[in-house]
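Enquirer: Sequence:
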Amino acid sequence: MHFRAVIGLSLFGLGVSGILLAQRPFREYPGIEYENFEKPPDWNQKAEWTRARLRYPDIYGYPFRQLVMNDGTEFPGYWTMDYPRSDRHLLQGVRRLTRIETRSVEQVVDLDGTNDVYNWPIMYAVEPGHWLLPENEAKQLREYLLRGGFLMVDDFHGDQEWRVFTHSLNLVFPDREVVDIPDDDPIFHTLYDIQDKFQVPGAQYFETGITYEKGPSGKTPHWRAIRDDRGRIMVAICHNMDLGDAWEHSDEARYKEKWASLAYRIAMNYFIYDLTH
3 MHFRAVIGLS LFGLGVSGIL LAQRPFREYP GIEYENFEKP PDWNQKAEWT
53 RARLRYPDIY GYPFRQLVMN DGTEFPGYWT MDYPRSDRHL LQGVRRLTRI
103 ETRSVEQVVD LDGTNDVYNW PIMYAVEPGH WLLPENEAKQ LREYLLRGGF
153 LMVDDFHGDQ EWRVFTHSLN LVFPDREVVD IPDDDPIFHT LYDIQDKFQV
203 PGAQYFETGI TYEKGPSGKT PHWRAIRDDR GRIMVAICHN MDLGDAWEHS
253 DEARYKEKWA SLAYRIAMNY FIYDLTH
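Residues in the sequence shown are numbered from 3 upward in steps of one, following our numbering.
Just so you know, these hints were derived from the structure itself, not from any lab. One or more hints might be untrue.
Claimed, not checked - Only pairs whose alpha carbons sit at most 25 Å apart, straight line, appear in this in silico DSS-like list of lysine-lysine:
{"#": "1", "residue 1": "K141", "residue 2": "K221"}
{"#": "2", "residue 1": "K258", "residue 2": "K216"}
{"#": "3", "residue 1": "K221", "residue 2": "K260"}
{"#": "4", "residue 1": "K221", "residue 2": "K258"}
{"#": "5", "residue 1": "K141", "residue 2": "K41"}
{"#": "6", "residue 1": "K216", "residue 2": "K199"}
{"#": "7", "residue 1": "K141", "residue 2": "K199"}
{"#": "8", "residue 1": "K221", "residue 2": "K199"}
Please read these numbers as outputs of a predicted model, since none were measured by experiment.
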């Protein structure tokens, strides 16, 4: 009962904050893999919780004019990888596996200097091995996290993408180190007791049969974090794995259940951890 009460109070607080700060309406963007992806029938139904997806500038420029897709359209940015199919599969999982009252669609947010980002207590950034945060966006991300926000990053691999990732991360937190998350950390034991963590591969496995990317340095999965002064995880770092693909392809028989299952359990634990810590 205590656990449920904490969840209820957290969600109530989120509802109040949503009243105090006007939230931007839902908006869809073109993605690398999907365009005009069908919205669920209840997409505009209000809910107490929404997972945000961070729209960030990447190493190929912003607003992404240097590259074009095979069909000649502008490259929409690495932040759109798996979007929005992955997001919507995941949010259906949140509804089935937790008591969180979530919206059925994601919210795309920007670090644009406005107060909008503070309406969304948890953000997800995919492919951060390609992000390139300018100082003003790094500063706002720092403020967001120190106010109690939570950032989960996923789907980047190998040493080179790690260097790109930490270049911008060091602008956000030059004074905090990245640490490995120990197996007994509460984040692995909020809803599920996750003892066996292994590499969750991306969809390239369908073609190659290989679970890792970017050569030998991409073989070992790393569960890392940056913590605040109280020890709470602010940035959850999933390196050398692709949870986003696991959510995206979780309804395909050729994607192994054990990979999808771990990806969902990790997400549920991270979300509930954020709401209770």
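Enquirer: None of the hints should be skipped; say for each whether it holds.
Expert: Hint check results:
1. K141 <-> K221: Not OK: K141 and K221 at ~32 Å, beyond 25 Å, violated.
2. K258 <-> K216: 21 Å, holds
3. K221 <-> K260: This hinted pair holds, its Cα atoms lying about 18 Å apart.
4. K221 <-> K258: 18 Å, holds
5. K141 <-> K41: It is violated: about 33 Å lies between the C-alpha atoms, which goes past 25 Å.
6. K216 <-> K199: Given that 25 Å is the threshold and the Cα spacing comes to 20 Å, the pair holds.
7. K141 <-> K199: 33 Å, violated
8. K221 <-> K199: 14 Å, holds
When the structure is compared with the earlier hints, violations turn up for hints 1, 5, 7 and for no others.
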